[in-house]
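K.L.:
Single-letter residue listing:
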Amino acid sequence: MSLDKEQVQQIAVLARLRLDDDEFAETVDKLSRIVDFVDQLSQTDTTGVVPMAHPLDVAQRLRPDVVTEPDDRDHVQENAPSTQDGLYLVPKVIE
Amino acid sequence: MAAELHQRTLSELAAGLEAGDFSSVELTEALLARVADHDGELNAFITVTAEQALAAARAADEARAAGNAGVLGGLPLVHKDIFCTRDVLTTCGSRMLENFVSPYNATVVDRLAGAGAVILGKTNMDEFAMGSSNETSYYGPVRNPWHLEYSPGGSSGGSAAAVAARLAPAATGTDTGGSIRQPAALTGTVGLKPTYGRVSRYGMIAFASSLDQAGVITRSSADAALLLGVMAGFDERDSTSIDHPVPDYTAALSESLDGLRIGVVKQHFDDGLDAATGAAVREALAVLEANGAKLVDVDLPNIDLSVPTYYVVAPAECSSNLSRFDGVRFGHRADNPEDLFDLYCRSRGEGFGAEVKRRIMTGTYALSAGYYDAYYLKAQQVRHLIADDFKSAFEKVDLIAGPTSPTPAFRLGDKVDDPITMYLNDIYTVGANLAGLPGVSTPCGFVDGLPVGLHLVGPHWGEEVLIRCAHNYEQLTDWHRACPEDFS
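Order-wise, the sequence lines are chains A and B.
Residues 0 to 94 (numbering that gives the first Met the number 0) make up the first sequence, in order.
Residues 0 to 487 (numbering that gives the first Met the number 0) make up the second sequence, in order.
What the hints contain is simulated information worked out from the structure, not anything from laboratory work.
All residues carry an ideal CB built from backbone N, CA and C; glycine is no exception.
Don't take each hint at face value.
Some chain B residues well away from chain A (every beta-carbon gap over 12 Å; in silico) [what the hints assert, rightly or not]:
1. GLY19
2. ALA368
3. GLN474
Incomplete in silico selection of chain B near chain A, CB under 10 Å [as the list claims (entries may be wrong)]:
4. ASP20
5. VAL24
6. ALA112
7. VAL446
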């Protein structure tokens with residue numbers, strides 16, 4: 000196994016994913032296989048090769064920082080699990 | 000006697016509507032009836048929008064009567080359920096979005112509706128477009144119309160199955176590593192993935208943003224050309240959309256194969272390719288050569304690295320894109336969270352399926368402190384080598400041709416246990432995504448009753464040369480007209 004249980008647990012925390020026990024064991028196995036598979040990239044000499052930032056090798060287009068969208072808050076919040084007075088509700092974060 | 004409506008291609012239906020042979024309401028009713036009769040077997044649809052479709056058909060008929068028919072006036076289509084549709088369920092094949100009713104339309108949805116298209120429904124897909132068999136969908140696998148025990152491919156498997164089974168003449172799809180072209184090959188349909196930046200992705204749920212592109216699945220390249228002309232073009236709402244002129248793609252249909260230089264890549268015919276599939280593709284190349292094209296050997300020395308490169312880049316980008324699903328603003332939320340951390344972890348743990356979680360975690364690992372250079376940066380460097388190989392090849396040839404997929408359709412369940420075996424389905428298609436190139440798959444034969452696809456890849460903005468080549472091939476053969484027996 001190229002990844003151990005502790006590493007996978009740490010990745011799950013970083014990714015904010017809760018895995019149940021069966022799922023966790025399977026993930027250790029399959030994630031290790033994926034990492035082994037992509038490790039073949041390390042054999043390639045890429046000295047001096049510029050990392051590809053855009054598939055067409057062009058710069059990212061920017062736009063002026065101005066408001067362009069209408070206020071559609073009520074409609075948008077119809078999809079929210081929990082709201083009040085136009086705000087999204089989450090468990091208490093400040094004691 | 001004229002062919003039944005469901006057997007006609009989009010272009011044939013357009014001519015029939017124009018001639019007044021039938022109305023859009025009649026056509027829409029006929030196809031909705033087929034969906035009701037057959038989708039129980041296929042599971043190609045997640046949502047059928049019958050009421051909206053009939054309203055749009057009536058509006059299209061009225062517009063035509065008033066002399067205002069759009070380019071697609073009254074023509075039925077289906078959308079992959081990755082495209083946001085205003086006030087219609089948009090699930091992306093995930094439990095995470097089981098209750099998500101989009102507050103807005105994707106640009107692709109708006110453009111097609113604006114040209115008069117009638118939307119019959121939303122099609123099933125691998126969850127968040129992550130899969131090559133449609134088995135990762137929360138809504139169950141789609142079945143291949145050519146054999147119901149087989150996968151239609153993925154991730155646009157519902158779109159491909161719906162078009163192959165004649166439930167709809169055309170469908171939208173998306174392609175991050177082959178998700179339009181591979182299911183098209185496995186269902187005997189035509190699948191076109193345009194150049195990166197050609198079609199707006201506004202309102203198309205993001206998977207891997209440096210690779211994703213929208214396209215179409217149809218029953219002919221002429222139909223793909225018709226739809227692409229409506230879908231393509233600059234959109235200021237998509238920061239990756241490129242302002243490049245949109246040609247009349249249908250003009251490419253009248254050009255011959257004369258003088259076309261077609262590159263053949265040695266590695267595309269290596270051991271990984273099923274022998275009978277390879278024979279069908281070689282036969283297709285011979286047909287093209289016998290009719291005016293010139294075959295030229297080309298080398299893509301780093302192409303064997305395209306799958307491992309893809310499986311670093313795509314998961315890394317997906318781990319970032321899918322961080323938006325937090326159980327707070329939309330989508331699934333776990334019951335009774337203890338605190339915010341628990342809310343995030345359980346909402347995501349419950350809302351995402353196994354393959355999506357694996358890809359998020361692969362990407363999280365590849366981007367994490369201490370590993371970034373070894374994986375993500377390295378993959379982006381190798382990606383440049385692969386893109387440069389294509390660039391050199393296109394100095395010698397107009398397009399590259401080969402197999403779309405290493406095998407015909409496989410049985411549902413056969414590859415689900417081994418992620419690497421499943422990932423290798425994309426071996427011939429991911430290169431085009433890594434380099435941002437357009438590609439098309441068109442039917443070129445059968446192996447044991449299952450369709451085989453011929454894959455064509457062109458240079459950036461080379462959609463016309465692909466359409467020209469594929470359309471000529473379709474005029475010389477009739478593989479694309481074959482219909483699964485149970486759906487004739």
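K.L.:
Take the shortest C-beta to C-beta distance between VAL24 (chain B) and chain A; is it under 10 Å?
P.N.:
Nearest chain A Cβ about 30 Å off; hint violated.
K.L.:
Tell me if the interface restraint on ASP20 (chain B) is satisfied: Cβ within less than 10 Å of some Cβ in chain A.
P.N.:
Violated - the Cβ of ASP20 (chain B) stays beyond 10 Å from chain A, reaching only about 41 Å at its closest.
K.L.:
Can we confirm that no CB of chain A comes within 12 Å of the CB of GLN474 (chain B)?
P.N.:
Non-interface label on GLN474 (chain B) holds, nearest chain A Cβ at 32 Å vs cutoff 12 Å.
K.L.:
Does GLY19 (chain B) clear chain A by more than 12 Å, comparing its Cβ with all Cβ atoms of that chain?
P.N.:
About 40 Å separates GLY19 (chain B) from the closest Cβ of chain A, which puts it past 12 Å; holds.
K.L.:
Any CB of chain A closer than 10 Å to the CB of ALA112 (chain B)?
P.N.:
Cβ of ALA112 (chain B) sits 19 Å from chain A, so the hint is violated.
K.L.:
Does ALA368 (chain B) sit more than 12 Å from chain A, CB to CB?
P.N.:
At about 10 Å from chain A, ALA368 (chain B) fails to clear the 12 Å cut-off, so the statement is violated.
K.L.:
Given VAL446 (chain B) as an interface hint, is its Cβ closer than 10 Å to any Cβ of chain A?
P.N.:
With a minimum Cβ separation of about 27 Å from chain A (threshold 10 Å), the hint on VAL446 (chain B) is violated.
Checked against the numbered hints listed earlier, the structure breaks hints 2, 4, 5, 6 and 7; every other hint is satisfied.
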